[in-house]
Amino acid sequence: MRQAVAAKLSRLPPDEQNLLMPLVETTPRFYLAAGVLGVVVLWGIFAYYLQVRYGLGRTGLNRPEYWGIYIIDFVFFIGISHAGTLISAILRISQAEWRRAITRSAEFITVLVLGYGAIQPIIDLGRPDRVLNVLFHAQWRSPLLWDVMSIGLYLTASTVYLYIPMIPDLAIIRDAGIKAPRFYRFLAAGYQDTPAQRARLERTIGILAIVVIPIAVSVHTIIGWIFAMTLRPMWHSTIFGPYFVMGAIYSGIAAILIAMVILRRVYRLQDYFKPVHFDYMGRLLLLFSLLWFYFTFAEYLTAFYGAEPAEMRTFWAKLAGPFAVPFWLMVLGCFIIPLALMSRRSMRTPRGTLMAGIAVVIGMWLERFNIVVPTSVNPRWEMESLGHYLPSWVELSIMAATFAGFVLLYMIATKFFPIISIWEIKEGREKVTEVKERIAAYTGEYAAVNPDTAEMIAGYTGEYPALRKKRP
Amino acid sequence: MPDALREALAAEGRSRAPYRLATSPGAIPPVEFPLRLLPYRVSTLASGTLGLQPWLAEAPTILPELHWLPWVEVHPRTAEALGIDDGAMVWVVSARNRYRARLKAFPGTAPENLNAPYGLRHPDGQLANPLQLLDGSTDPLTGITSWFSTFVRLERA
Amino acid sequence: MTRWGMVIDLDRCTGCTACEVACKSENNIATVSPEQADLGRAVSWMKVVAEVSGDFPNTTMQFLPRPCMHCDNPPCVKVCPVAATYLGADGIVGQIYARCIGCRYCANACPYTVKYFNWFAPEFPDSEREHLNPDVSVRPKGVIEKCTFCHHRLQKAREEARAEDRELAEDDYQPACAEICPTSAIVFGDLDNPLHRVHTQKRDPRAMRLMEELGTEPKVYYLAPRA
Numbered sequence: 001m002r003q004a005v006a007a008k009l010s011r012l013p014p015d016e017q018n019l020l021m022p023l024v025e026t027t028p029r030f031y032l033a034a035g036v037l038g039v040v041v042l043w044g045i046f047a048y049y050l051q052v053r054y055g056l057g058r059t060g061l062n063r064p065e066y067w068g069i070y071i072i073d074f075v076f077f078i079g080i081s082h083a084g085t086l087i088s089a090i091l092r093i094s095q096a097e098w099r100r101a102i103t104r105s106a107e108f109i110t111v112l113v114l115g116y117g118a119i120q121p122i123i124d125l126g127r128p129d130r131v132l133n134v135l136f137h138a139q140w141r142s143p144l145l146w147d148v149m150s151i152g153l154y155l156t157a158s159t160v161y162l163y164i165p166m167i168p169d170l171a172i173i174r175d176a177g178i179k180a181p182r183f184y185r186f187l188a189a190g191y192q193d194t195p196a197q198r199a200r201l202e203r204t205i206g207i208l209a210i211v212v213i214p215i216a217v218s219v220h221t222i223i224g225w226i227f228a229m230t231l232r233p234m235w236h237s238t239i240f241g242p243y244f245v246m247g248a249i250y251s252g253i254a255a256i257l258i259a260m261v262i263l264r265r266v267y268r269l270q271d272y273f274k275p276v277h278f279d280y281m282g283r284l285l286l287l288f289s290l291l292w293f294y295f296t297f298a299e300y301l302t303a304f305y306g307a308e309p310a311e312m313r314t315f316w317a318k319l320a321g322p323f324a325v326p327f328w329l330m331v332l333g334c335f336i337i338p339l340a341l342m343s344r345r346s347m348r349t350p351r352g353t354l355m356a357g358i359a360v361v362i363g364m365w366l367e368r369f370n371i372v373v374p375t376s377v378n379p380r381w382e383m384e385s386l387g388h389y390l391p392s393w394v395e396l397s398i399m400a401a402t403f404a405g406f407v408l409l410y411m412i413a414t415k416f417f418p419i420i421s422i423w424e425i426k427e428g429r430e431k432v433t434e435v436k437e438r439i440a441a442y443t444g445e446y447a448a449v450n451p452d453t454a455e456m457i458a459g460y461t462g463e464y465p466a467l468r469k470k471r472p
Numbered sequence: 001m002p003d004a005l006r007e008a009l010a011a012e013g014r015s016r017a018p019y020r021l022a023t024s025p026g027a028i029p030p031v032e033f034p035l036r037l038l039p040y041r042v043s044t045l046a047s048g049t050l051g052l053q054p055w056l057a058e059a060p061t062i063l064p065e066l067h068w069l070p071w072v073e074v075h076p077r078t079a080e081a082l083g084i085d086d087g088a089m090v091w092v093v094s095a096r097n098r099y100r101a102r103l104k105a106f107p108g109t110a111p112e113n114l115n116a117p118y119g120l121r122h123p124d125g126q127l128a129n130p131l132q133l134l135d136g137s138t139d140p141l142t143g144i145t146s147w148f149s150t151f152v153r154l155e156r157a
Numbered sequence: 001m002t003r004w005g006m007v008i009d010l011d012r013c014t015g016c017t018a019c020e021v022a023c024k025s026e027n028n029i030a031t032v033s034p035e036q037a038d039l040g041r042a043v044s045w046m047k048v049v050a051e052v053s054g055d056f057p058n059t060t061m062q063f064l065p066r067p068c069m070h071c072d073n074p075p076c077v078k079v080c081p082v083a084a085t086y087l088g089a090d091g092i093v094g095q096i097y098a099r100c101i102g103c104r105y106c107a108n109a110c111p112y113t114v115k116y117f118n119w120f121a122p123e124f125p126d127s128e129r130e131h132l133n134p135d136v137s138v139r140p141k142g143v144i145e146k147c148t149f150c151h152h153r154l155q156k157a158r159e160e161a162r163a164e165d166r167e168l169a170e171d172d173y174q175p176a177c178a179e180i181c182p183t184s185a186i187v188f189g190d191l192d193n194p195l196h197r198v199h200t201q202k203r204d205p206r207a208m209r210l211m212e213e214l215g216t217e218p219k220v221y222y223l224a225p226r227a
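Residue numbers (this note's numbering), protein chains in the order written: chain D, 1 to 472; chain R, 1 to 157; chain G, 1 to 227.
By construction, these hints were calculated from the structure, which means they are not laboratory data. Hints are not guaranteed to be accurate.
[To be verified] Far from chain D by the CB rule (all over 12 Å, computed), these chain G residues:
#	residue
1	11
2	16
3	43
4	44
5	55
6	62
7	89
8	130
9	133
10	153
11	170
12	194
13	206
14	215
15	216
16	227
[Stated by the list, open to error] Beta-carbon label-pair distances, calculated as ranges:
#	chain 1	residue 1	chain 2	residue 2	range
17	R	96	G	217	57 to 63 Å
18	G	227	D	49	27 to 33 Å
19	R	54	G	155	50 to 56 Å
20	D	320	G	131	30 to 36 Å
21	R	54	G	217	46 to 52 Å
22	D	122	G	227	51 to 57 Å
23	D	322	G	61	53 to 59 Å
Backbone N, C-alpha and C fix where the C-beta goes; we use that ideal spot for every residue, glycine too.
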């Protein structure tokens, strides 16, 4: 980086230096990764062009298998979007101090993946040129329409919930003058970090955190209802609303974990993503793996007990028939691996949580697959032959491009915005006394004399971090 | 009138019955051709003259999943014994000729028979005509070509 | 209140599939290539489904012509986000091709799987192009289509009746499948009009509807085969 910028950066306190380094310094490794991802994205755009030009026949979809990869990806991506908003909102409201390092990266995941998820149904349309018909000719009894509304609302709310808590950091960057001064001056919106402004900010964030939770819950409930409101066997289940919300939070936690491990490694953020973060997130993952098992077991047990013939065809297709492999792989990824790994303290480390997180992400994608495809190829009208489904290269290319595009945008975001909230980390350090007093209120003793608690709090916010080694 | 019949009618001491019984050829299948070929007319295709009509070629018969391609029917047990899946392409082979078709396992077929519709073509124009497989034997009484005395075998295509 | 419906006598159906071909001819339905047909993308608004039971020599087949059921409580209409599929005043569940966005939600919601999708733009061989029906629009790619009870014939029949200043008679409006059926297995008419055959036939002891327990209220009745 240029001398002037380096000089300005070195005048900042250590937190700012560490966390703003990615904004001014980009490695060749970054450009290489971005290049590869960019090529994948372009390839996917080409595949989509072919689909628009010739028709959805370029996919592997057919009658009765009307929905496939695109809808699976839609549910999957919107599910991951519950990462940020729900986690950071719930942790903020419960005043969990360990959230401070995580909230920003989680909120970024939410906003970006929501965008990519929201375009999946449009990619899936036979006539994307008519997509505005959902606004001009809205039919209010359709769950798809509720979905359009709720995702639109969620996208707005989570963008605001990303932006507002980022304002103090944008002000820091503006004042440091290390990058694009006009851009950050515009974004910082005149924030000077006066006590009055800070108080107003905190109040707004507090309200947003509460408001965003029911919006997030409604989004994935409605997505579950898109399936549950039809009469398709094993879709028409009342558990789908809560099931999808729980699954969404689950996959979101796994996505945050993967992001944390990678960011920690790539930007050398070991002083911020501390062992305690992986321990606590790992525990959350464990909790949700048990919840996932409970919901899944409940759904399948009731279907089995009812023994309704149309449902049993799909049921056995999943458990022992053509879809047995994806089904049991899903159980392995969503339950067995995370349970085995996250129930041990020794595995709730960056490496252990990465493995568990990847298993969960793959398992949850397979769960969406197992919901969409086995039911689609076993329609209620059994007198005609069964369907079958093999995704075409067009669908797989677009899916790869969506994943690549999300990662690429996330990478680019880390170059413009600090991926860990600087002001919240500092606030956490300053607030140690306040937190100790709060804990004293719970436990009834002045925790400052309790060395364990003090150490625990230091564990969240870190000792005053040492400077990162500078590049020659 | 065929010679055999003329002689029989002129023979001394023949019975009052107007015809005499004669064994027809092809009562027992040879080892290398175990299935009896039964060419038949598909009711929807009017002797095959409508086989080129696109709607009819796309859905020629009431049996499902037989779009566009010529097919032959065997009993499911026969297909299983031969190790060929329902829907696979097969060669229908007789001593004289052979053609390609899709196999359909249909329980209405007698296990020792192969029902073969005629009048069908492959999409590229190739004929799939079971009548080209007939061994040329004739009915001893009337002298017309015997359609149901030819035996065939199936090979994976 | 007019409610157009059908009664199909399963004892009379011979599985000839004339109704399928008549429907395709009347409604400009395109064929698809062999590869597309193998994928399950062939379009057949009216389909004669054969149920094979028993083993040789006691094999029987039951034929069941299956058009759109034109439900009075249609699940497809409920879920369409743009109201491209709708329940008309005379009971026909229609499809607005110009508005459909091709999301296939209605196709997933229909328990009878009667909705077909245009995966590519329909193509007609030259031999068929001369015989396309000018009364029926050709659908573009990316939209859903299904049996319409030959709604275009109703419009024509109504206009003729109005021009001749008379009421619509049962014979004036018959869909192509009912018109062509050689055994008169398919009978079509106004279920609520006492002068139409379907009005009486729907109350036949043999009359039943498919998947009635789902509450879709289909208007296609079937007379179950005797014994």
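A quick look at each hint next to the structure:
1. With a cut of 12 Å on Cβ distances, residue 11(G) stays outside the contact zone with chain D, its closest approach being about 18 Å.
2. Residue-level check passed: residue 16(G) sits 18 Å from the nearest beta carbon of chain D, beyond 12 Å.
3. In this structure residue 43(G) is not separated from chain D by more than 12 Å, as the shortest Cβ-Cβ distance comes to only about 9 Å.
4. The Cβ of residue 44(G) sits about 10 Å from the closest Cβ of chain D, inside the 12 Å cut-off, so the non-interface label is violated.
5. Non-interface status of residue 55(G) relative to chain D is upheld: no Cβ of that chain comes within 12 Å, the nearest being about 19 Å off.
6. The claim that residue 62(G) lies off the interface is violated: its Cβ sits roughly 10 Å from the closest Cβ of chain D, which falls inside the 12 Å cut-off.
7. Even its closest Cβ contact with chain D, about 17 Å, leaves residue 89(G) beyond 12 Å, as expected for a residue assigned away from the interface.
8. For residue 130(G), the non-interface assignment is confirmed: its Cβ lies about 25 Å from the closest Cβ of chain D, beyond the 12 Å cut-off.
9. For residue 133(G), the non-interface assignment is confirmed: its Cβ lies about 23 Å from the closest Cβ of chain D, beyond the 12 Å cut-off.
10. For residue 153(G), the shortest C-beta to C-beta distance to chain D comes to about 26 Å, beyond the 12 Å cut-off, and the non-interface label holds.
11. With 12 Å as the threshold on Cβ separation, the claim that residue 170(G) sits away from chain D holds: the shortest Cβ distance comes to roughly 30 Å.
12. Distance check on residue 194(G): its Cβ is at least 32 Å (rounded) from any Cβ of chain D, clearing the 12 Å threshold; non-interface status holds.
13. Against the 12 Å criterion, residue 206(G) stays outside the reach of chain D, whose nearest CB is about 19 Å from its own CB.
14. The claim that residue 215(G) is not at the interface with chain D is violated, since a C-beta of that chain comes within 12 Å of its own (minimum 9 Å).
15. A Cβ of chain D approaches the Cβ of residue 216(G) within 12 Å, the least distance being about 8 Å, so the stated non-interface status is violated.
16. The claim that residue 227(G) is not at the interface with chain D holds, since no C-beta of that chain comes within 12 Å of its own (minimum 21 Å).
17. Checked against the hint of 57 to 63 Å, the C-beta distance between residue 96(R) and residue 217(G) comes to roughly 59 Å, which is consistent with it.
18. At roughly 59 Å, the beta carbons of residue 227(G) and residue 49(D) sit outside the given window of 27 to 33 Å.
19. Separation of residue 54(R) from residue 155(G) is about 28 Å and departs from the stated range, judged on CB atoms against 50 to 56 Å.
20. Hint check: residue 320(D) to residue 131(G), Cβ distance near 50 Å, so the stated range 30 to 36 Å is violated.
21. At about 36 Å, the beta-carbon gap between residue 54(R) and residue 217(G) misses the expected band of 46 to 52 Å.
22. In this structure the supplied range 51 to 57 Å holds for residue 122(D) paired with residue 227(G), their Cβ-Cβ distance being about 54 Å.
23. Under the hint 53 to 59 Å, the C-beta atoms of residue 322(D) and residue 61(G), about 27 Å apart, miss the expected range.
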